[in-house]
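*Asks:* Residue strings, one per chain:
Protein chains: 2
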Amino acid sequence: MNFLVIGGDAAGMSAASKLKRMNKNATVTVLEMTEDVSYSACGMPYNIADPDRDMDVLVVRTAEVFRQKNQINLLTGHRAEKISPEEKKVFGTTISGHAFEFAYDKLLIATGAQPVMPEIAGIDLDCVLPLKNLAHGRRIKSIISERKVKKAVIIGMGYIALEMCEAFEKRGVSVSMVKPGRIFLPWMQADLSRMVQDEIEQKKVALYAGKSVERIEPVETGAKVVLNDLTLDADMVIVAAGVVPCSELAKDAGLELGVGGAIAVDRRLKTSDPDIYAAGDCADAYHVVTGEKCWIPLALRANRAGWAVADNICGVDTELKGVAGTSVFKVFDLQVARTGLTAREANAAGFYPVENMIKARSRAHGHPGSTPILVNMVGDKTSSRLLGVQMTGTEGVAHRINAAAVALQTSMTVAEFFQTDLAYAPPFGPVWDPLLTAAGQLLKKM
Amino acid sequence: MNFLVIGGDAAGMSAASKLKRMNKNATVTVLEMTEDVSYSACGMPYNIADPDRDMDVLVVRTAEVFRQKNQINLLTGHRAEKISPEEKKVFGTTISGHAFEFAYDKLLIATGAQPVMPEIAGIDLDCVLPLKNLAHGRRIKSIISERKVKKAVIIGMGYIALEMCEAFEKRGVSVSMVKPGRIFLPWMQADLSRMVQDEIEQKKVALYAGKSVERIEPVETGAKVVLNDLTLDADMVIVAAGVVPCSELAKDAGLELGVGGAIAVDRRLKTSDPDIYAAGDCADAYHVVTGEKCWIPLALRANRAGWAVADNICGVDTELKGVAGTSVFKVFDLQVARTGLTAREANAAGFYPVENMIKARSRAHGHPGSTPILVNMVGDKTSSRLLGVQMTGTEGVAHRINAAAVALQTSMTVAEFFQTDLAYAPPFGPVWDPLLTAAGQLLKKM
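Residue numbers (this note's numbering), protein chains in the order written: chain A, 177 to 622; chain B, 177 to 622.
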């Protein structure tokens, strides 16, 4: 069996390693266009924050280990450029300019996502960078040190942008964030979004929501970021304005695309070609709340999809139930988490959403050190189902969201969720967990 | 409507307050034998740890507020001594020696639990105390300060005993713990129990498992605790050897008792008498995993049961699905949590348990400050269901357990749980949450 993988990150390497474990006789080849495989991409902002910490600590397994210990034919510097489903071959060019071709019995496309780079003058300046792969991370880190960066502009206000605020602050760099939309975190209930904004502004980050970048002009020490009505000086610029799935190869090969231009796959990760799978950020997925297709690029589902591809190719039938869009990030001292649908998303998906925001505490009554936790919960008036939860707070948010994520997985009603037996001890929360209080209050509105 | 409640703690006051909110015309009377109502009993060890923090901060709502704001006829210092279901009356004596009687239309017994006091000489010495109510807490705290306690013996090694170790350590008191059983935490998988024991022993707590206390002898400065083969000096002794339900009143009134001598109630909290309810630590409950009755005295289920009693009396049909026995406690820097059944309990309940222990990390690969998290997971080979989880670690345990608790509530299989979409960010855990890794490994054994 000849298993070929395009892309050596989370989904690709998970599939390659698991398939080789399951079938020692298989030939497993991975084509990776960069020089890095299997690293914790999400760890880069935290690593950039610490000048004394080598970025290579983020590498989970090196290419050498994959080659020698896992017996995977891992080819870095190999850019796939064309898939021919008829010939069952992949064609491409190495970093040194040599053409290559590989035949496959089963192919996995795990090409990931790529940062959206606004089409403006100056986007190609050498002090303007996205943060997608380890090469970007290394480059950003070396620029901060070597050019003694003092001022940075971040284009975008998503997870990576917010995490980079903290990294820059730790490096003594002042930050301005810019995006065209007027609302800071549009997917978040207003009080919760305000809590995040307060945290950012307390750390002296300047927010420019509702401003579009017209161009970036080079100056001797870095750049001038020109907005419609204002110019910001920057020693460096981070572009974190979202990502799009890398699905060009699949599209050109005639494979069906799905939500957001991602490669359409079924619950077994199969594309419209029976011998081609797709997994990770380049592919779509089912949403456990709506039952519909969605495109939510996150690390866990990429790893899980990689494993499922290996299972299915090796004859272990594995269907993925889907994603809930559960995510968490840290913004300075604040934890911000969500799972499922916002009220707006629920409305768009045809539900009859009712939402409620509560303010709870992170520790029991009378216990020292308690801080506020905000919970916004969304339910469906028609079916009584729990549809989604968002939370913010300085402690007890990151893992607490998982209780709601499990509830979404089994289509629990808000009333059923309100009956769950959650843990209580004074240092960790009130007797009625904030999630239960939120459910109880939401029930009254439903 | 004349609603009478015996016991003014979690279940009793929850029921009284909610019923009065739902039915303004009802006469609500609560008979409480102590002087304190509605306080965070679980907060006492943490309060004792801090000499400068008044114990009254643990009071959530005072008797005066209940009387004036909530319009509840709250009678402290009133000990109920007899229930007559035929006359629908309760008889008793006040703390000042006056007999009283109250008629009811509906009665709630919420008498709680009481500490087990070993029948040994010296158990009634004034330096020997359990920690059950606020009076105990105040007394322990004043003894520590006034007698300048330096050495304490704790009889028992349950949650309260472990929490008191930390309180004593913070007060500069050295602690010895004693219990007859040889195994430190018999309900916990051996590696996890070892992790807790290491934490305790690092803090210089001396453990004497497998030793029974024969008597306590008074000496000028406190007591000598005489074990079968050893004598321990103590300025004070805490008795934390478990609790039993206060069900004598119910038993004498001819009500049916259930598991562990607790008052038997149905899912609507009704006893064998149609006009008498029972809720909180004095009553039994259904277990969501076994579907059978159990007696697990914990704060959340007491509050919830109180609410459900008010609902049912007021005509809002509320059935409680049951408890999972989810709990968490803090032992110095360690968080210890569990939900559902241990392998031994599962075996006794007629399941075919398979268990597996994994060692995970609290943060992502390459993220600084990561510490070990141990997860023991139990599944049923016959039905493939998830049966229980235990966890220990210095961070990310207390709230993480709730994801498993929700899974138990809906009888998820281990394979279904393995598919849940849990949150990931490097400061909060690995891409594969420790619970997912545990589920994946357990699946291989099942």
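Just so you know, the hints here were simulated from the structure itself, not pulled from any lab data.
Incorrect hints may have been included.
Derived DSS-like pairs: lysine-lysine, alpha-carbon spacing no greater than 25 Å straight-line [to be verified]:
1) LYS620/B / LYS200/A
2) LYS194/A / LYS194/B
3) LYS400/B / LYS200/A
4) LYS327/B / LYS535/A
5) LYS380/B / LYS400/B
6) LYS535/B / LYS245/A
7) LYS245/B / LYS196/A
8) LYS469/B / LYS497/A
9) LYS245/B / LYS620/A
10) LYS535/B / LYS535/A
All values reported here derive from a predicted model rather than from experimental measurement.
*Asks:* The structure should be examined with respect to each hint, and the outcome stated for every one.
*Replies:* A quick look at each hint next to the structure:
1. LYS620/B / LYS200/A: holds (19 Å)
2. LYS194/A / LYS194/B: violated (55 Å)
3. LYS400/B / LYS200/A: violated (67 Å)
4. LYS327/B / LYS535/A: Given pair LYS327/B, LYS535/A is violated - Cα atoms ~42 Å apart, limit 25 Å.
5. LYS380/B / LYS400/B: holds (20 Å)
6. LYS535/B / LYS245/A: The given pair, whose Cα atoms are some 23 Å apart, holds under the 25 Å limit.
7. LYS245/B / LYS196/A: violated (69 Å)
8. LYS469/B / LYS497/A: Between LYS469/B and LYS497/A the Cα gap is close to 33 Å, so the pair fails against 25 Å, i.e. violated.
9. LYS245/B / LYS620/A: Roughly 22 Å between the alpha carbons, so the hint for LYS245/B and LYS620/A holds.
10. LYS535/B / LYS535/A: violated (35 Å)
The structure fails to meet hints 2, 3, 4, 7, 8, 10 from the earlier list, while all remaining hints are met.
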